[in-house]
Amino acid sequence: MSTLMRTLRNLRKIGFKEYGHQMQNIGDTKAGTFIGADKYGNKYYENLADELPLRTRWVDYKDKEFEPSQIEPGWHAWMSYMVDKAPSVDPILQRQVREWEPKEHRPTLTWSRSGYKPYSTVKPKTSPWVPVAKARQ
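Sequential numbering of the sequence shown, starting at 1313, is according to the numbering used here.
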């Protein structure tokens, strides 16, 4: 959560519409420079002057229900401070697909309808007790 003065300063910089968007999506107000966007429509920002250390980079997800695995690997490295240059600037981080890599990035499907659900082919070692009731006469 931010202080009142920081919130008012960011409100003046970003405007009412963006203020409402940020409060609804990330619960905080942030003002910074637009660094780039990935092919999924996520927008990446940075503010080195006014933010706390290690909180200077953030992403504005395109989808309302976001999943952190929707970030591409190059942008994830930039967001995690593993590299200093963004993938839009650094030619090394620009995504070149090798023959052994997947052709497109797939988000994690855990806890979704498309997630992997294992099943067992081994007979269980225990079985539930089923009471047998004698018929009434």
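Note that these hints are calculated values from the structure, not bench results.
Any given hint could be a false lead.
[Said to hold, decoys possible] With a cut-off of at most 25 Å between alpha-carbon atoms, the simulated BS3-like pairs for lysine-lysine come out as follows:
| id | residue 1 | residue 2 |
| --- | --- | --- |
| 1 | 1355 | 1376 |
| 2 | 1355 | 1435 |
| 3 | 1351 | 1435 |
| 4 | 1355 | 1397 |
| 5 | 1355 | 1329 |
| 6 | 1351 | 1397 |
These are the hints, each one checked on the structure:
no.	hint	verdict
1	1355 x 1376	holds (13 Å)
2	1355 x 1435	violated (50 Å)
3	1351 x 1435	violated (47 Å)
4	1355 x 1397	holds (15 Å)
5	1355 x 1329	holds (16 Å)
6	1351 x 1397	holds (18 Å)
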